[in-house]
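Number of protein chains: 2
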Amino acid sequence: MKKLKSKAGRYGAGLFIAEGISIAREIVNCCPERIKYVFVTEGVETDFDISSFECFEVTDSVMECICETKTPQGMAVCVEIKKSTANLEELDFIVYLDHIQDPGNAGTIIRTADAAGVQAVVMSPESVDIYNSKTVRSTMGSMFHINVFYEDEYLETLKALKASGFVISAGDLSAEKNIYETDFGEKSVICLGNEAHGISDELLEMDINKVIIPIEGKAESLNVGVAGAIFMYEILRRRKFK
Amino acid sequence: MKKLKSKAGRYGAGLFIAEGISIAREIVNCCPERIKYVFVTEGVETDFDISSFECFEVTDSVMECICETKTPQGMAVCVEIKKSTANLEELDFIVYLDHIQDPGNAGTIIRTADAAGVQAVVMSPESVDIYNSKTVRSTMGSMFHINVFYEDEYLETLKALKASGFVISAGDLSAEKNIYETDFGEKSVICLGNEAHGISDELLEMDINKVIIPIEGKAESLNVGVAGAIFMYEILRRRKFK
Chain A
1143 MKKLKSKAGR YGAGLFIAEG ISIAREIVNC CPERIKYVFV TEGVETDFDI
1193 SSFECFEVTD SVMECICETK TPQGMAVCVE IKKSTANLEE LDFIVYLDHI
1243 QDPGNAGTII RTADAAGVQA VVMSPESVDI YNSKTVRSTM GSMFHINVFY
1293 EDEYLETLKA LKASGFVISA GDLSAEKNIY ETDFGEKSVI CLGNEAHGIS
1343 DELLEMDINK VIIPIEGKAE SLNVGVAGAI FMYEILRRRK FK
Chain B
1143 MKKLKSKAGR YGAGLFIAEG ISIAREIVNC CPERIKYVFV TEGVETDFDI
1193 SSFECFEVTD SVMECICETK TPQGMAVCVE IKKSTANLEE LDFIVYLDHI
1243 QDPGNAGTII RTADAAGVQA VVMSPESVDI YNSKTVRSTM GSMFHINVFY
1293 EDEYLETLKA LKASGFVISA GDLSAEKNIY ETDFGEKSVI CLGNEAHGIS
1343 DELLEMDINK VIIPIEGKAE SLNVGVAGAI FMYEILRRRK FK
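So the sequences go chain by chain: A and B.
Residues are numbered in my numbering as their position in the first sequence, beginning at 1, plus a constant of 1142.
Residues are numbered in my numbering as their position in the second sequence, beginning at 1, plus a constant of 1142.
Don't read these hints as lab results, they were simulated from the structure.
There could be a bad hint or two in this list.
For chains that are exact copies, the list does not tell them apart, and a pair is met inside one copy or across any two.
Unchecked claim - Keeping only pairs whose Cα atoms sit at most 16 Å apart, straight-line, the calculated EDC-like set for lysine to aspartate or glutamate is:
| # | residue 1 | residue 2 |
| --- | --- | --- |
| 1 | 1382 | 1358 |
| 2 | 1384 | 1325 |
| 3 | 1301 | 1244 |
| 4 | 1225 | 1358 |
| 5 | 1304 | 1244 |
| 6 | 1178 | 1347 |
| 7 | 1149 | 1222 |
| 8 | 1212 | 1349 |
It should be emphasised that the depicted structure is a prediction, and the values quoted were computed from it without experimental measurement.
Given these sequences and hints, build the entire structure.
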């Protein structure tokens, strides 16, 4: 379990750890087939059934050793890393994370994507590892609700989506059109770029729809999690509300 | 300077510390009158003039002692805490932070508010101290661009704004109307509540416009910084874009 604290350890074993009772509940409800082990400390009670899983009762000190949080809530679940099973071309609302580096930003974007009705979040290979403890927690369970996966053939997949009718839009501070003046299409991909450097050059070189979120004040830019939310909810609003 | 690392120390002295060259540049440009001292380490060069301030050249170890960041960029500015000078009733776009607890969330909201053209961010007395190092950094300079202050007479001020024609809207997960079905008014206040408990009871008991951001997927809620951004940009969109 301690090996799963490093990225190499997680990918070597194909496993990661999710900490806490509320996230354990989400996994039991959404994808019990991915649960490898459950760890509980003595006296912890849950309102969901864990008897069908391989369970270990551990001491507080072992639990602290397994978990990254300082005060784990007495439960940790060891979960299988998922390979994508989604056929992206059948979807109509996808978010691409292009070299996102901050675990909290990635987690927040996945949570917002779940809320906004996005069906898949595709990560470039260089993006932050979403199976680290901080991202798992900051998704608040949403990484178990929607398809979230890394795509080695990142640009090729994007080109295929474009060829199949998706409008590929990307937030770019140098864009001339703003998000309220553009057509995101009936099938939409939103690309969100690196916190410091924005969308990668390879992606900008593709013929994609570059748009900017208007800035009225003196702020130079927006947090990428915030920018993602404004994009996703603008698309949701147009599709569903007016 | 070390005393300014605690909230009590900051308020006792009426001063706080802003770390790094880019934020120092913002302060020099936006509100040089609030600068009390500038600390630089040997060899640090800036593209802005600090000669008119009281400057101290310090060693790397002193700089590390002043700063919270592990690798300070060789510059820290000691800045006066500002009392509000804004006449809120003359404004038309205000954000209220009702017991926000997380420094990063507060910082992100202030940054987004600046971007969206909000004129003032009013904080309830129990909200997180925005003069802590993490919030100062996460506002990316925006706390020096717009009015941000604590209001002891929090609810009374809100009532006065309502009486003077503001529509007071608050994000509330139990609301029946969603944000796309409501009128935010020509003069708008947006209230954002505590990360765990939402809007406070005292505020919900006022006759305010309770609205929800629609959730399409299985997410139970949104991060408060994300929710704030969706509110603010929806108002900006209606006022300016269509």
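Verification of the hints:
1. 1382 <-> 1358: Answer is between: at 10 Å across copies they meet the 16 Å cutoff, but 27 Å inside does not.
2. 1384 <-> 1325: So residue 1384 and residue 1325 pass the 16 Å test inside a copy (14 Å) and across (14 Å) alike.
3. 1301 <-> 1244: Answer is neither; intra-copy 26 Å and inter-copy 40 Å both fail.
4. 1225 <-> 1358: Close neither inside one copy (41 Å) nor across copies (24 Å); limit 16 Å.
5. 1304 <-> 1244: neither (28 Å within a copy, 40 Å between copies)
6. 1178 <-> 1347: neither (42 Å within a copy, 47 Å between copies)
7. 1149 <-> 1222: within (14 Å within a copy, 43 Å between copies)
8. 1212 <-> 1349: neither (47 Å within a copy, 41 Å between copies)
Consistency note: the structure conflicts with the earlier hints numbered 3, 4, 5, 6, 8.
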